[in-house]
Amino acid sequence: MSSATLYSVSFALVHDVLFALGRAVGGPVGAALRNSGLITGLALLVFAGILLIASLLNTIVLIWYERKLLGRFMDRRGAMHVGYAGLLQNFADGLKLFRKNTVRPREADGLGFYFGPTAYVVTSIVIFGVLPISSGWNAGALPLTLLLALTIFSFAPLFIFVSAWSSNNKYSLMGGLRSAAQMIAYEVPLLLAVVAVVVVAGSFDLTTIVYEQQNYWFWGPLVVALIVFVAAMLAEMERIPFDLPEAEAELVEGWNTEYGGMLFAFFMLADYLRALVGSILVVLLFLGGWTLPTWVPSAATSFPLAGILWFMVKTYIVFGLFVWVRASLPRVRTDQLLRVGWNRMIPLALLSVFLAAALVTVRCVPVFGCVPSLGG
Amino acid sequence: MGRLSAPEPIVLPARAGAGPTVPAVPFVEIEAVRAKEFVPAAKEALTALVAEQGQDKLIRPVFNWAGRNSLFPLHWGLACCAIEFAAAFGARWDAERFGVVPRSSPRQCDLMIVNGTVTWKVAHKLITLYEQMPEPKWVIAMGNCATGGGPFRTAYSVVPGVDKLVPVDIYIAGCPPRPEAMLDGILQLERLIRDRKE
Amino acid sequence: MGPEDLQRGLASRLGAGLLGVDAFDGTAGRIRFDRSVALELFRAMREELGFGHLSTVAGIDWVDRREVVYVLWSDRALQYVLLSTFLPADDPKVESASGVWPSANWHEREAWEMVDITFDHHPDLRHLLMPDGYAFHPLLRSFKLHEPESLEVKVRHV
Amino acid sequence: MSEMWINMGPQHPMTHGLWNLRVRLDGELILDVDPEMGYLHRGIEKISEDRHYNEVITLMDRCCYVAGMAWEHLYILGAERALHVTPPERAEYLRVLCDEFQRLGSHLMWYAAFVQDLGLMSPFLYGMRDRDLVLDLFQSYTGARMTYEYMRVGGVRNDLPPGFTQQARKVLDWLTDRFREYDQLCLGSTIFRKRCDGLGVLKGPDAVRNGVTGPMLRAAGVKRDLRKDRPYAAYDRLEFDVALADGADVTARYLVRMEEMRQSVRLLRQVLDWLDGHPGPVVADRLPRWLGAPYAPVGAEGYLLKRQYPKGVGFAAVEEPHGEALAYVVNEGGEHPYRVKFRSPVFANLSAARTYLVGYHVADIPPIMGSVDVCVGEVDR
Amino acid sequence: MTGPEAETATEKPGDHPIAFVARPMATAARQFAKSLLRPSTIVYPYERLEDPRFRAEVAVAAGKPIGVGPVWDNYRGVHALNIATCISCNLCAFSCPDLCIEMVTVPGGDPKHPKKCPQIDYGKCSYCGFCSDACPEGCLTMTTRYELATPKRAEMIYSPQKLLEVFEQKLPMNPIRLERPENEDAVLLDPPLCIGCNACARDCPTQCITMLDVPRPDAKAGAKLPKRIWKEPVVNDSDCVRCGTCISVCPKECLFWGARP
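Protein chains in written order, with my numbering: chain A, 1 to 376; chain B, 1 to 198; chain C, 1 to 158; chain D, 1 to 381; chain E, 1 to 261.
Next comes chain A alone, as it looks inside the complex (with noise of 0.2 Å):
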């Protein structure tokens, strides 16, 4: 599968289906079948399709697995009763989020009210066409992928907002205005570590980030520039520490305190979707993405689908590590994460972007890369 994309299998299965009826059905109706527009169409329905799905599921899975792990930490079992040890727990959820009333308060902004979360979930699904999970696996060739990503991923503070103004509650309107805010000043260190990355892969390429990695991880080298990366990323996430936006103690439930229902659920699958697309991320660009160490034996990577096996490993190890810190650590303030945010991690991405720069100037990354990384 290593050589096909995604789009490419999915129009190759969509190309012979359709080829096969038509010569079935035959005449003008068999020939309308054979029409290359339809295929194309049909075949980008499949790819969505396809994203969508794995892109939900994994989601699921990950407030699951969220919901598990938190147990542990908290000395309990977690959701544990619908479904074996809770599998289900999520889709019932769902479901029953789906069937809820959406009660819409009389002085919220109609348009508003609506547009927010919609375009909130679709905005962080659509990152999904843009991330490879294993080599191939993504809409296609695209030489921007990273940048891509990046930029839809930060349009949700847009959205935030718009949500939270329209929904006219006090506690909205100031969880959303702290969403804008953090979201906008970690939206820089994020970025600039992402450019020391992109300075040492020389390519905006996704895959070509990782295939980079090869021969070591990023994460070595990029000490510096991991932990700025996975600090804005917990900001932009909104999640423990930095989950001021919805900080629950005095904020009711931040911005989405006045919706129910499906919209709701429209904010909490957008979270996850953006926790995950953060993991992935992370996943990519500092730790080798789908590859494995080479001294790894061959029989771990030769079977099928093996890279995406190796990627929703790390991705969930990943994940679990911010499930981790959100066990632990207690919410910052609002002041203080943005004078950290600007004062401390901005300098620090700055020195990351510098020592990668240090770095491929004087060609002395694979040095760095046989020390202290798994993927010597």
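Just a few of them, taken from the derived set where beta-carbon distance is under 7 Å, the chain D residues facing chain A: (1) G119; (2) L120; (3) F192; (4) V362; (5) P366.
Looking from chain D toward chain B, a few residues come up when the C-beta cut is under 8 Å (computed): (6) P10; (7) H16; (8) G43.
It should be emphasised that the hints constitute simulated quantities derived from the structure, not laboratory data. In this text the structure is predicted, and so the values were computed from the model without any measurement. Idealized CB from N, CA, C, for every residue including glycine.
Take the given structure of chain A and dock chains B, C, D and E to it, following the hints.
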């Protein structure tokens, strides 16, 4: 006076409703302990499909299954029972096992657990919160104060029973009820939802 | 510090307003005073005798008159002292202590609300525990509780 | 953003109970606060006037639901003075045992609620889990987890069951280990220190002027602990130190409460040793006739008392987990108290809210109010 | 981490920022490792605290804070009533601070003395245990049953028969019982008021009052003798349960509590 007479040796008899005493269960089985209950439910739904009883019969069990397994109670504490309510979410009882996760915003809740004394001063706020919860929604009157005013029902400021303000689905007696009793109330509510005809 | 010390310390300053100092179990004594010297007594207690902490203000309804009891604590003497004054039931007014001890604010609001004792020059005498506009004073002896039978729950079968 | 009032409560995750903190904000800066109480006012003082002396105990447990034993003790001390009853010595030690276990339980509950306010998720669960052990001990000798109805005028209801002291020691050992863990999770965390240092500062003179008592006052460096200054029950025969800190901020209150828990463990070990070696009666011999029986018939017409019993006024003060609590019990010779007045420490601590909240940010409200340890039941009564 | 390290944590805040974030994370990770296979959760409807295996363990067993030890039976839950030994003395209803106990007639009494047993409304009961402390015969006790959730308010009212069912389940009962005080009050008589009406002896639940003949006092000149039958109640103190029924039915208020000389 007031001395302790020698307690007799304690023998736990077999108990009606307590279920068999479970020996130490291995990890894999205890996680599946309730999953086994879903098999009959799935069978029922399939039977309905086979018998072509109509969409209604098929979809309702699915949604009722979803509804009863993800009850989000409103996160608020009125009085004593709120402490036991919190204890039920603590490590020892862990109500989240049943998918019960407290939410702070009434918009996201489908269960209001009235855990304490309701005074007339808070009554209209309680009604507002109830009305802010989207349908379908349920109310559990936890403890005697919510059920009927409890020890304070003669007082001038206490509502003698929250059922005077909002419709109550489950009453849990106790002053305050143990966390187990609260979980028992939630399980009873799940039974109610299972048999619900929308 | 005992009742005699208190008597000695206060007599000159208060004169006839000091009605007496009794021994009281668990405290340095109970000072009975006339409400006309209330503010003077408060100041003397705080500034001269060092009772810097006002614990509570309790109103008691004796049907024909009302009593206000102030409980003070001195960190120096490590003792409580009670101040007690009686007010006529038709004019239950006394000077507010909240100018001397800011902590008296809420206690006096509660006493006003529950036992209907008006505190002159109180900065913020409004309802504390009952809703605004509640017209009764529940801790008066004339205020009766519900009969339990009148509250029988009408069972609603849902 | 222009100035606005927001209502934090009555249903708000910060409040931990039913009250409403009205906050005037400029952006996120607090300009003014106005706590609005009374949402849980149950008229306990009024109902007490219609109840028999021993039956008021059931109300005391529910008055402050995280520190029921301390309030039982408070009321019982007041009632005993009003009725001229002296409890036996073993009952006094048992009361200290109850008080200190209650202090542990209350402070653990405070810890759980406080860290939850800060966004710390797992310590909340640890606090609740360890508090359940204390409640188990309570249950093993009183029969209930939170509403004990254990103390009686003139003593306590029953003696400890056999084997209690060994179990209690095991729980104390477990808790001592956990305290270290708590400190690592909170004090060991940079974010915690950054959040809590210099927050909610209430200096000693301000605290005294505003009637603030308890751990909040001791965190401001004022050494006032009624157990030491004005010993009641058996505290004068036990060794312990008063927990003190001088930061006057949220961290100082945290330190004081953690130290108090350690001191409680120390006290409890002494009390358990004493109880092991000194069996005896737990109820006084000389009680008023209608208190002599373990039961207390009231409300029955014809329960005639041919004799008027001596009148009296009882005044008692105990160091409750939240601070200084007072009871003023007026006995007019009847079966019911004529008037019962309680002084709740949290009532005074809350009334000073303006002094320690104004000037901070809205995100600071939960930790500050968490460090105050609000129990609405005893504020509103 | 051991004690000294924790001490340094409290003493020197602020240095080593990374280590200070790592310390809470290490604590959480240790807890994670401890609870990986067996968290301290009790899987409630399937495991219960009153199961012997939790009760056998002491409070803190094997590093897990579960199990309440062997004294769970003190818990005050639903009452159990042994109707057979109930003497209808009303003491439980008298002593109830919440007035949740009502005495209702049950079959089994004779028409003169209808047998009345407590009916308890658990929607009002505060589980204080005053009633079972007051019960002189030990027939009303509190058990460890606590599950009382019901969709109908009326189901919370337990009739004597339902309480009997609880009794027949042989649940563990509160073993701590109070002994009667030695210097208890007794029912005393004020003879000049007594008219010998027999009401007290008739209504006494333990039949401990007997009406005995007393000599008629000599009439003094001019003195008016009270109208009375010349019988007076004599109370057998060892049988008396101090329920006060006699005092409450006495039409002349001539019985009262007091110390017997």
